[in-house]
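There are 2 protein chains.
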Amino acid sequence: MKVNVVRDVLQRNTQIAEENQKIFRDYNIFVFNVMSSPGAGKTTFLVQTIERIKERFRVGVIEGDVASQIDAERIKATGVPVIQVNTGGACHLDASMVRKALSHLPLSELEVVIIENVGNLVCPAEWKLGEDLKVSLLSVPEGDDKPMKYPLMFTESDVLIINKIDLLPHFNFNMDQVEKVVKGFNPVIDIFKLSCTTLEGFDAWLKFLIPKIEEVRK
Amino acid sequence: MKVNVVRDVLQRNTQIAEENQKIFRDYNIFVFNVMSSPGAGKTTFLVQTIERIKERFRVGVIEGDVASQIDAERIKATGVPVIQVNTGGACHLDASMVRKALSHLPLSELEVVIIENVGNLVCPAEWKLGEDLKVSLLSVPEGDDKPMKYPLMFTESDVLIINKIDLLPHFNFNMDQVEKVVKGFNPVIDIFKLSCTTLEGFDAWLKFLIPKIEEVRK
Numbered sequence: 002m003k004v005n006v007v008r009d010v011l012q013r014n015t016q017i018a019e020e021n022q023k024i025f026r027d028y029n030i031f032v033f034n035v036m037s038s039p040g041a042g043k044t045t046f047l048v049q050t051i052e053r054i055k056e057r058f059r060v061g062v063i064e065g066d067v068a069s070q071i072d073a074e075r076i077k078a079t080g081v082p083v084i085q086v087n088t089g090g091a092c093h094l095d096a097s098m099v100r101k102a103l104s105h106l107p108l109s110e111l112e113v114v115i116i117e118n119v120g121n122l123v124c125p126a127e128w129k130l131g132e133d134l135k136v137s138l139l140s141v142p143e144g145d146d147k148p149m150k151y152p153l154m155f156t157e158s159d160v161l162i163i164n165k166i167d168l169l170p171h172f173n174f175n176m177d178q179v180e181k182v183v184k185g186f187n188p189v190i191d192i193f194k195l196s197c198t199t200l201e202g203f204d205a206w207l208k209f210l211i212p213k214i215e216e217v218r219k
Numbered sequence: 002m003k004v005n006v007v008r009d010v011l012q013r014n015t016q017i018a019e020e021n022q023k024i025f026r027d028y029n030i031f032v033f034n035v036m037s038s039p040g041a042g043k044t045t046f047l048v049q050t051i052e053r054i055k056e057r058f059r060v061g062v063i064e065g066d067v068a069s070q071i072d073a074e075r076i077k078a079t080g081v082p083v084i085q086v087n088t089g090g091a092c093h094l095d096a097s098m099v100r101k102a103l104s105h106l107p108l109s110e111l112e113v114v115i116i117e118n119v120g121n122l123v124c125p126a127e128w129k130l131g132e133d134l135k136v137s138l139l140s141v142p143e144g145d146d147k148p149m150k151y152p153l154m155f156t157e158s159d160v161l162i163i164n165k166i167d168l169l170p171h172f173n174f175n176m177d178q179v180e181k182v183v184k185g186f187n188p189v190i191d192i193f194k195l196s197c198t199t200l201e202g203f204d205a206w207l208k209f210l211i212p213k214i215e216e217v218r219k
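Protein sequence lines correspond, in order, to chains B and Z. The first sequence begins at 2 in my numbering and counts up by one. The second sequence begins at 2 in my numbering and counts up by one.
Read the hints as simulated data drawn from the structure, not as lab findings. A few of these clues could be false.
It does not matter which identical chain is used: a pair holds within one copy or between any two.
Subject to a maximum C-alpha distance of 30 Å in a straight line, what follows is the list of computed DSS-like cross-link-like pairs (lysine-lysine) [stated by the list, open to error]:
#	residue 1	residue 2
1	K181	K219
2	K194	K23
3	K77	K184
4	K77	K181
5	K181	K194
6	K219	K23
7	K23	K181
8	K181	K55
9	K184	K213
10	K77	K194
11	K184	K129
12	K213	K194
13	K101	K181
14	K55	K23
Throw the hints in and build the complete structure from the sequences for me.
Dropping the structure here:
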């Protein structure tokens, strides 16, 4: 009984996500959804990404958080439009929350929408939002065992950002093992290792992202 | 409709949690439930705690994870009995999972049961398991904004462990602000700042914990 309710809710979500995807296609907007544990560095990663693409593309952001406006304020400082969605307890964004947020973004003026999900390595993985790309972050301080312990996130993602590589000297983090485990679940995932502080490795991520955006704009 | 289903499930959970609490009281077992983001250091914190109390008290552990046996293996190395509960996708333990695990622990031989929840700063907060004490961990690398963004966990917890304080020189972490925000939600919470690597601050946690266990044993 409980399982059926959950399944129905997920099916309804997928339907709304498909409608969202259609809206994004109508406007030729490329959309990516960023997911990770709390504190893996999603907002800093987005601020650094936005600073490097905003001269080229018009970007809007949907910020998901259980509570507070902290992340929206940080994004706002980059000068791009941002909508804060407070889930009020829910542990992930769903497609209808994204739909509501869309009505507050100037879609006809945008080329990229970035969705920052609630910090959670479990729940967001199975909720489609209508995005073109699912990007998950794993930060070095979280530990190299996380893909083994939270496999769905790494199986569902199109891209894995291994963040905070500047901290590798302070942690016992086996990079080869992480890559091997993740590729085991998901052989086609693209993995980028970078630091949003030193910007080491950041260019490779931009070189991957920019053609994806341009493809949708064609 | 969805809200009612969730509410019913939570009410049923609370009922099972109360039955669990009665079982623990019958055996004079003190129980604490440890919650945090993935990678905040729950397992290391438990290993260090167990090593320091296991000569004095007989300890058993219930390890909750979405997948894998990694944490159970680490706990097993301390020599105490441990049961791994794999939730198979669910983002938190519930009281009935704990009940099932109890049948695999030698309750009549135990004085302390420690429950390590799934790594998640959102969902576990509202699921009672029958514990005497809810302990949450926040690690320095996660950032000082987490209590503002995930208030329920910090409101529901009896104890907050601020972990990895040895890493404070590498992060911009405002300890005073964290304490102020958390005490704002939850004026009676006990806060301990410690490192499970250097063991700085660890004694204060043990001095708090041991009398709580002894109280239940009386």
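Here is what the structure says about each hint:
1. K181 - K219: neither (35 Å within a copy, 51 Å between copies)
2. K194 - K23: Neither. Shortest intra-copy (32 Å) and inter-copy (49 Å) distances fail the 30 Å Cα cut-off.
3. K77 - K184: Between copies, since 29 Å is at most 30 Å while 35 Å is not.
4. K77 - K181: Between copies only: 26 Å across chains, 37 Å inside a chain, cut-off 30 Å.
5. K181 - K194: within (14 Å within a copy, 35 Å between copies)
6. K219 - K23: Within one copy only: 16 Å inside, 65 Å across.
7. K23 - K181: Neither. Shortest intra-copy (35 Å) and inter-copy (45 Å) distances fail the 30 Å Cα cut-off.
8. K181 - K55: neither (34 Å within a copy, 37 Å between copies)
9. K184 - K213: within (21 Å within a copy, 46 Å between copies)
10. K77 - K194: within (26 Å within a copy, 33 Å between copies)
11. K184 - K129: within (22 Å within a copy, 36 Å between copies)
12. K213 - K194: within (19 Å within a copy, 45 Å between copies)
13. K101 - K181: Intra 39 Å, inter 34 Å, cutoff 30 Å: neither.
14. K55 - K23: within (24 Å within a copy, 59 Å between copies)
In summary, the numbered hints that this structure violates are 1, 2, 7, 8 and 13.
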